[in-house]
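**Q** Here's the letter readout for the chains.
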Amino acid sequence: MCLGVPMKIESIDGKRGVGSYSGGEYDIRLDLIEQPKVGEYVMVHAGMALDRLDEDQARQTLEALREFDELSGRVS
Amino acid sequence: MNFQEEFRNKDITRRLIEGIRNTAQTIRPVKLMEVCGSHTMAICRYGIRQLLPPNLRLLSGPGCPVCVTTGDYVDKAVALARISGVTISTFGDLMKVPGSTSSLDKERAAGARVHVAFSPMEAVELARANSDRRVVFLGIGFETTIPSVAVAIKEAARRGLRNFLVLNGHKIMPPALKALVESGTEIDGFICPGHVSSIIGTRPYEFLAADHGIGCVIAGFEPVDVLQAIHMLLQQVAANKPAVENQYTRLVRPEGNKAGQAVIAEVFEPADVPWRGLGVIPGSGLQIREQYAAHDAERRIEFAHEETIEKAGCICGDILKGIKTPEDCPLFGQHCTPVEPVGPCMVSSEGCCAASYRYLEKPLGKKD
Amino acid sequence: MGKKISLAHGSGGQLTRELVENIFVPKFRNDALSRLSDSAELDFAGGRLFFTTDSFVIKPLEFPGGDIGKLAVCGTVNDLAVAGARPLWISCGLIIEETFDIDRLEQLVSSIAATAAAAGVSVVCGDTKVVERGGADGLFINTAGIGAPLAGYRAGSPRPGDVILVSGTIGDHEAAVFRVREQLGRKLDISSDCAPLNGLVEAMIAAAPSIRVMRDPTRGGVGAVLNELVGGTGCSFNINEEAIPISEEVRGMCELVGFEPIYLANEGKIVCIAPAEAAGELLAAMRAHPLGRNAAIIGQVLADRRERVFMQSPYGGSRIISMPAGTQLPRIC
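Protein chains in written order, with our numbering: chain A, 85 to 160; chain B, 65 to 432; chain C, 23 to 355.
Source of the hints: derived by calculation from the structure; they are not laboratory data.
Since this is a predicted model, take the numbers as computed values, not measurements.
Idealized CB from N, CA, C, for every residue including glycine.
Be aware that one or more of the hints could be misleading.
Unchecked claim - In silico contact screen, one side only, chain A against chain B (beta carbon under 8 Å); selected entries:
| hint | residue |
| --- | --- |
| 1 | G88 |
| 2 | H129 |
| 3 | A130 |
| 4 | E139 |
Unchecked claim - Which bits of chain B does chain A cover? Going by a derived footprint, with three or more residues having C-beta under 8 Å, they are:
| hint | segment |
| --- | --- |
| 5 | 67-73 |
| 6 | 210-216 |
| 7 | 260-272 |
| 8 | 318-327 |
Assemble the whole structure, with the sequences as input and the hints as a guide.
**A** Dropping the structure here:
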C-alpha cells in the first residue's frame, strides 16, 4: 500500500531536508526522524521519511542469505 | 550501501526460490495472504507467483487503500469538487476511482480544479498560494501515510491556513486483520506490510500468532524480501510454530517509530469506520480530533453527496477477504477492465483485479 | 448523458485506438489509412510517396532538451523516417492564443527552423490562426510532411526468431516534461530525447535492409508500440526487462512516483524488428550513430499465436505488457 524508496540525507534544515536517490535530489520531511544526520539513509514515502535504514541490519540479512542452504531450506 | 540493488540479487532470489520449492514439497498445501497492495504489485512485477510451487497459493488482502475505500468517500470527494471555490488535492491513486456516477478524473474534465499531489505538504503550500480558495486534501491510506497528513494538518494550524482542509478517510491495519481472521478464513500465514510496520512496529501483530495460531512475517518490497518472507512462513508451517517474525529488520523496529505514532495520536483519534467488502470494523479508522476540527472538510463545509450506489455483481469485497479470486467475478475482464473499471480493485494499479488483468492472465509458457 | 472525450482518448493507448477504429477509419474508409501506420504510403505518378501529419500540444512549451517547435518538426520527420521514407517537405500550422508573447513565438519558430535544417527538410507552407484568450493554451502546432521512399527498403511483418531492438534509453521525453511541469525533485537531470531520427534510420537501413518494421515509440511508449506491432502478426513478443536501456535518473523517478517506464513517451527513439541474422550489423550501425549509442536488443519474436507482449523479469517470472489504459498518474501505493 505504500511505495517507498531509500534516500540518503544530503542536507537538513529543521524538519525539512534533501534526500538523494538514483541520480536525483528530492525535498523530504524529517519530522519522524530523531536527530537526523547528513549521510544517513531513510525510507521515504509521499515525501516523508518513515524511519532510518540500518546498514548493519541490512548486512546481517544479506550475509545470512548468502549462507542460505536451499536444500535444507535453512540459514546455516 | 545500495539498499535496493542489494535486495535484488539474482543469486539470492534463485536460491530462495529453490528453498521455497524444497520446503513446499515437505508440507501440505498452503495459502498465504499478502496484506499490502504494494506486495501484490511487487509479486506481479517480478513474476513471483509463477515461480512458486503448485501447493503454495498467494492471496491478495485488504491492504490497498483505494480498494477498501467505500463508494461514499469517492461520492463525497466528487461533491466537494463540484463546489465553486474548492480545489481538490489528491494522490493520483484516487483520480480514476469510480464513484456512483462520476470520478475525480471526470470532474476535472468537466472543469473542477483537481490537483495531483506527491505529498500532503504540497497541498498545504497550495492552500497558502491560493488563499481565496479552499483546498481539500483527500486523506486516504494507512499508518504509513497518516503521519504525513497529520504533520500537514499541524503545519496548516500553526500557520493559520484555515483554507487547508482534509477529507478524512484514513484506516489502520491491525483491526482489519483481526476482523478478517475472526470472519473465518483459511489463511496459513500473512506477509505483513513493511512500511506500515515501520510506524506501528511488530507488536500489533502478536494476536495473530497468540490468539489465532496464524504466523506472520513483516516484509520489505524487494524481490529478496518477498521471497525470504514466503520462505520464513513456509518454515513456520513446516515446524507448526506460528510466530510473528520480522524480515525487514533494516527498517522495522519492534517498537515502531514513536514520533510517527505520537503525531497520529495528536491529530487523530480512533473511530469505527466501514471498509469496502468488510463492513464497519471497530477501531479500524481515525477521525480528526476536536482541536484540529478547523481542518476537517466534513465539519467545515456543508455539502450533500449523491446517494451511493453499490455496483451490482462486483465481488471486490469477497476478493479482499481472500474468499474469491478476480477470475471468479462475472464482470472481470468483460465489463470491468482497467480502462472502464467497475470496482476499486480494478482501478488501483495495486488492486488485485488490475494486477490479475495486467500481469497474470495466461502467463508465458502456459498456453490455453 | 453521452460519452465524453477524456484526456485518455488522446493518450495513445486503448481509448485512442478505439476512436480511430470506431470513428475515423470507417468514416474515411480507404486502404492507405486502414493500414494505420505512422505515415500513409501512397502510389503516385508511377512511384511511391509518404505523407503524415501530427499535432503538438505540450505543457510547458519549453522543456529540458527541446521545445514545442523542435518537437513539431521531429514528430513529423520521425513518423516519415520510421516508415522508411526520406523526409523532404513539411508544413507548419500555428494556433496561437491571444496575448502570446511575440519574442517567445520568434524563439520557438527559430527552433522549428533550426530543427528542420538539422533534419534536412524544408518548411514549405504554413498557416497562422489566433484564438481568443482561453481558446488555446499558449501555442498549438500542427505539422504535415511528405517523404520519398528510401531505396532498397520495404517494411514487412515480424516472424518468429526475429529480434526486437530499441535505439537507446527509454522514457526520457515524458519524464523530462513531467519533471519540469510538476517541479518534481530539487535536482534531477533529465532531458528530453527529442531529435530527428532520419539520419539514424538511413544508417540502419544501409546496414540491414532486411529490417522488418520500425516505429517511434511516442505516446504510450515502447509498451504501446509493441502492442500495436504484435497485432495481426500471429506471433507474440518476449521482452527481457533487464535488457531495456534506461537512465538512472528516469528509473529513479519512476520508482518514486510509481510509473512504468515502458509506457513513457519518447521523441527520439526507434523500436525495430529485424531478422536475427541481421542483428549484429544492425546493432553495430545503430551504436555507431550518435542517436543510437545506447541501442540494445531487448527481445525476440515468438512462435506463439496469442499476439501478446510478454516481459521476462530478471527473476524468472514473466508478465503481460498490455496496451496502456491512459496516461500514468503518480501514485503512493
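**Q** Provide an ascending list of the numbers of those earlier hints which the structure does not satisfy.
**A** none
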